[in-house]
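Chemist: Counted from 1, the sequence shown has number 198 at position 198 by full-length UniProt numbering; the numbering is strictly sequential.
Calculated from the structure, these hints are not laboratory results.
Accuracy of the hints is not assured; some may be wrong.
In the BS3-like style, the derived pairs of lysine-lysine whose C-alpha atoms are separated by at most 30 Å in a straight line are [stated by the list, open to error]:
| # | residue 1 | residue 2 |
| --- | --- | --- |
| 1 | Lys237 | Lys356 |
| 2 | Lys14 | Lys50 |
| 3 | Lys154 | Lys356 |
| 4 | Lys193 | Lys237 |
| 5 | Lys193 | Lys212 |
| 6 | Lys154 | Lys191 |
| 7 | Lys50 | Lys71 |
| 8 | Lys191 | Lys212 |
| 9 | Lys310 | Lys386 |
| 10 | Lys193 | Lys154 |
| 11 | Lys50 | Lys154 |
| 12 | Lys237 | Lys310 |
| 13 | Lys154 | Lys212 |
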Amino acid sequence: MSNEIVEMDAELAKQMAQSQDAQAQAEAEEQAHARLQAQFASDPRIHFSKETGAWHYEADDGREMQWDAIKNVWFEVVDDDMVKAQQAAYAVEGVDEETPAAPVLARTNKKRKKEPIDYTSNTDPAASNPSIKRGKNNKGDKKDDPTAPPRKSKNTAVFVSCLPPDTQADEIAARFGRFGLIMEDDEGNPKVKLYHSEDGAFNGDALVVYYKEESVDLAVTLLDDAELRLGEGGRMKVQRAEYGHKAGDAERASAETAAPKRVVDKKKASKRIGNMEKKLAGWDSDDESGLSGPKISTSRVVVLKHMFTKEELAQDATLLLDLKEDVRDECSTLGEVTNVVLYDEEEDGVMTVKFKDPVSAQACILKMNGRFFAGRQVTAELFDGKQRYYKSGHDASNANAEGEDDDQAERQRLDDFADWLMKEGE
């Protein structure tokens, strides 16, 4: 216990001694400063500056001197004019003294790149800091370029008109769904819109939205001027949807524009697109629902029946050539026709039309099947490769049914036609 007291007394004595030394040193400095002030105050050349807080005096050669209280020496005051004179003395012709040296510029740029960006600000960081890149090839600038041409949006919809008054959306989906996958809404229903007049009655127009743009061309080719309900008559008009071409579309467009924009749920949209992709992968599978598209046959030959009677050909020899020409012209609107054959020995009035591609053959069936020609209802079907048809002086094999019209038989018919003309002239 006594040792601790002794140590505490020694420490206290040490602190007291240090305090006394510091106080003595401060008193000595204060006395020296007081003597210095008395000395400077008695000299008329020396004055105290409140701006610098130091003593100044002007030397005999005009230089201004300032007292350094720490070093206890006088030093010359350097002003702006003296700095400029010094720079002029060491200036090099052709060198801009205001531009920092290359190492200084490099350090400055490096610091500028490391400056933190305030992402909470309303200003664009790229606008305030040019060193920030917008992205690859400056896509942001390209997007804001008013002179850039607008991107062409994909058109995946068809406009249908001349529909029966009692048409339902589900039967349109079933008919048009055979030629492409129809887009679905958030509830999973096919996107088929029926248009109504002011009194609420269906006006015969509809809009079908496909998932893929390629389905539009197929639907227009195969369903334009075809029946919605096979065998009931009435031809519908199918064309690419051109928004604004119908009367009243402008009013609807302006109303939709004025309405608040619907917020799209990105999760639902992503899920819907995923489901559509799965359905697209199995779209051509065997499905009895009718909504999956059947695999289109590769056959390019269409068989038309009830196009003529044997009596009509016997009465008018020109009918054979006229009928072939008329059928070729009519079918050429659906695709390229490579051959037309008329089987004048068939009681069913059979003709075959060979197209360049199977899609045109399908379109021919949709257009010709069920139509009336000279008071007779025409049937159209794909050639199955088995049926045999006959014509004058020549039985049609499968190759002939495919459209390979025999040249010799054709020449024989032309000779017969020439003989008929000669007899008519007599």
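Chemist: Check whether the Cα positions of lysine 193 and lysine 154 lie no farther apart than 30 Å.
Modeler: At roughly 19 Å apart (the allowed maximum being 30 Å), lysine 154 and lysine 193 satisfy the hint.
Chemist: Under the criterion that the straight-line Cα-Cα distance not exceed 30 Å, is the pair lysine 191, lysine 212 satisfied?
Modeler: 13 Å, holds
Chemist: Sort out whether lysine 212 lies within 30 Å of lysine 154, counting only the CA atoms.
Modeler: 9 Å, holds
Chemist: Would the pair lysine 310 and lysine 386 pass a check requiring their Cα atoms to be no farther apart than 30 Å?
Modeler: 23 Å, holds
Chemist: Between lysine 193 and lysine 212, is the straight-line Cα distance small enough, at 30 Å or below?
Modeler: Between lysine 193 and lysine 212 the Cα gap is close to 17 Å, so the pair holds against 30 Å.
Chemist: Decide if the proposed pair is consistent with the structure: lysine 237 and lysine 310, CA atoms, cutoff 30 Å inclusive.
Modeler: This hinted pair is violated, its Cα atoms lying about 35 Å apart.
Chemist: Hint check: lysine 237 vs lysine 356, CA-CA at most 30 Å. Holds or violated?
Modeler: 24 Å, holds
Chemist: Is lysine 154 within 30 Å of lysine 356, Cα to Cα?
Modeler: Roughly 28 Å separates the two Cα atoms, so the pair holds.
Chemist: Hinted pair, alpha-carbon criterion (30 Å max): lysine 50, lysine 71. Please report holds or violated.
Modeler: 20 Å, holds
Chemist: Is lysine 193 close enough to lysine 237, meaning Cα to Cα at most 30 Å?
Modeler: 16 Å, holds
Chemist: Straight-line Cα separation of lysine 50 and lysine 154 no greater than 30 Å?
Modeler: With a Cα-Cα distance of about 80 Å, the restraint between lysine 50 and lysine 154 is violated, given a limit of 30 Å.
Chemist: Would you check the hint for lysine 154 and lysine 191, treating anything up to 30 Å between C-alpha atoms as holding?
Modeler: 16 Å, holds
Of the numbered hints listed earlier, those contradicted by the structure are 2, 11, 12.
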